[in-house]
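Colleague: Taken in sequence, the protein lines are chains D and Y. Mapping the first sequence onto this note's numbering, position 271 (from 1) lands on 271, and the numbers just tick up by one. Mapping the second sequence onto this note's numbering, position 27 (from 1) lands on 27, and the numbers just tick up by one.
Think of the hints as simulated: they come from the structure by calculation, not from any bench. What you are looking at is a predicted structure, and each value in this text was computed from that prediction instead of being measured. Just to be clear, a hint being listed does not mean it is correct.
Said to hold, decoys possible - So, partial list: chain D residues that the calculated Cβ filter (under 10 Å) puts toward chain Y:
#: 1; residue: Gly284
#: 2; residue: Ala285
#: 3; residue: Asp351
#: 4; residue: Gly352
#: 5; residue: His355
#: 6; residue: Leu363
#: 7; residue: Leu365
#: 8; residue: Leu368
To be verified - What the simulated footprint calls covered on chain D by chain Y, stretch by stretch (three residues with Cβ under 8 Å from a Cβ of chain Y suffice, anywhere in the stretch; the number is not a length):
#: 9; segment: 272-282
#: 10; segment: 296-308
The beta-carbon is built from N, C-alpha and C at its ideal position, and this holds for glycine as well.
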Amino acid sequence: MTDPMRTVLAVWRSRHDRSLAEASYTVYLVIMIALVTIAPLVRGVWLVATDAALAAAVAPTTAAPIAGVVVASVWVVALVAGHVRGPVVFEPFLAHVLTGGPIPQRTAFARTVSITVGVSSAIGAAVAGCLSLAWNTAGALTGVGGSAAVLAGAACGALAAVLWLVGQCAGDRALAVGVGVVTTSLVAAVTLPSSWVFSPVGWVMAAYARAGEPGPAFALMGLAALGLALTPRLTARLNPATVVRQSRQWASVRLHAGTLDFSASAATYQPLPRRGRSRFAIRGAPLLALVVFVRDARAAIRTPPRLTTSVIGLVCCGALVTLAATAVPTAWMLSAAAGLVAYAAVGAVSDGIRHAIEAAAALPLYGLSDLAMLAAHVLFPILVTIVAVTIGAIGFSVLAPTATWTAIAAALALAVSVVAIRVMNALKPPLPIALLVPIPTPAGDAAALNRVLWAVDGLIFAALAGLAASAAAGTVLPALILFVAVLAVSSFRWKRR
Amino acid sequence: MIEVIGASVAVDGVTMLNPVTLQARRGDVVAIRGANGSGKTTLLRLLTGQLSPSTGTVTVNGSVPDPREPAFRARIAGMIGLPPFARDLTLREHATLVGATWGWSVEASRAAAEEVLDQLGLARLVDRFPHELSSGQTQLAGLAVTLVRPSEVIVLDEPEQRLDQDRLGGVLRLLRGRQRDGATVIVATHDDRVVTELQATPVHLAEAA
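Please model the complete structure; the sequences and the hints are all you need to start from.
Modeller: So this is what it looks like as structure tokens:
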């Protein structure tokens, strides 16, 4: 670090000088959280990982392709995430100072990138080390080379960090090429074992399958070293405007998350439309509701990746509900996950609902009543949801003939419920002051729990909707009760909008 | 006919608007004047039914303002702050959709939208999304979607905000046209040009506590 950079950071940190008492309290919090929350979690994971049956199932000899898919997925996610929120992000003012000042970017960003690479490598090494240790403990394997596994894991972690930085530097086309390269490497390694030697994902699979052999680990280390050697060039090439924009967005996300406004946090990264303006969205139709339906559909097409992700999520939701109905032991988990996936996916096709509710709270703008406008905007998301969920459910029932029509009906019930929950969530007013009142208990202030429940009520209702839909195969009562509850909350909020 | 008689607003013992009385008939233009904090926006909120008076009465065509009542919604168009924009619609689509919901055909609505956008100097920007506009252009876009719809009463809070003199001229010409067509215009403003060019009757508000 050069002197100017050291000076900048010293000035910046001096603004946040903390007293000894504050520092002690932070240490106390970290220790208590580690003891009360993290330690039991780690123990639980360890017990699961060392279970003989599971260890045998994910043992190197059987699960190398899974390891390849997992690592390649992490790399792809790192690339895409970098495009949205890369590793080089600061407080907005510090970002402005560092990108607009005389300090070269490779110097100014070196510390941040080094920390990212270090943490990512450590996580990779820890995961790989724990896996090999678990196999040995469970007796699924003997003589597994722990050091080779740790080296391979660290290399995979370092590569993920480098790809995260690449994603931040890359434009749309370069990002697509990067994702294509990783995906091709994965497909080649999975389908052609002879290509392992030429494919980085193949090296991962080889390191996994031949645990203990240093060759693949060294190959990954070499690739990681090459990537690390490129980081100074990458940091120098980073667009200052990208760093400032991502820093501002991240600050906004943290601010909203701090107030438990997760919808606003998510909206920060909502892609803005840039295409499709030449196709006029308002078309004549016999009914005004159809005009609004077409408007919503054409508007959604203007952000194709968002719409595609949404539809894929809904198709997966249909498959999950049908899978859950085949009475696998983890049915309840699959059902709840289906509800959460559907809730997240419907968000991308519900912009019209949110706009109608915003308009209802403002001065009269549209000639329709507020309720009619909202009803018209519900048509598009409900149709997309029903169609996509049905495709997922029927598709899965074709693949797994044990699935029944009842399960498909349950998937449809979930589709309708989740759109209703989206309406309920869009109507949510600001946090009521009553929820800020402390609730003293022997374990501390329980008011925080109320505030968290308030913030994530949509997610809770969505998970419950998944469970209720799954139960609908036996009785429709839970689904009905949930639907009525969502309508009651929505109605209450609508009257107080 | 708008009638405000001795209307005031106080919240938790704090005066937001001192008692005020005004009348406006069809085709009248009233300019609400006063220092920051005198209650101009509060008075506009009374007229649009977003607030109820603590004392006195407010009526529009003999009825208490109620933004959920269809007849009142049809009668009054207002902009107090920016209207809600949909991030995925262009300016032309916004204005067209607003017109279409008031019973016009899409073609007629689109023609009306383009006319208003042109009058406000936004003809070159009709295919832009809201996030592609400057602050002044966003202000004009807000005025466009507010003024494209039919109304008997137009209520605007400082329409001159963020506008250069040319663009303000376009807004004032549009408002004069609406006034000639019989609309009543109530505008809160700090700009003498607005008062002069609209030949508005000024109503001065005393500073609230």
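Colleague: Evaluate each hint against the coordinates.
Modeller: Cross-check of the supplied hints:
no.: 1; hint: Gly284; in the structure: holds, 4 Å
no.: 2; hint: Ala285; in the structure: holds, 8 Å
no.: 3; hint: Asp351; in the structure: holds, 6 Å
no.: 4; hint: Gly352; in the structure: holds, 8 Å
no.: 5; hint: His355; in the structure: holds, 5 Å
no.: 6; hint: Leu363; in the structure: holds, 4 Å
no.: 7; hint: Leu365; in the structure: holds, 6 Å
no.: 8; hint: Leu368; in the structure: holds, 5 Å
no.: 9; hint: 272-282; in the structure: holds (count 8)
no.: 10; hint: 296-308; in the structure: holds (count 4)
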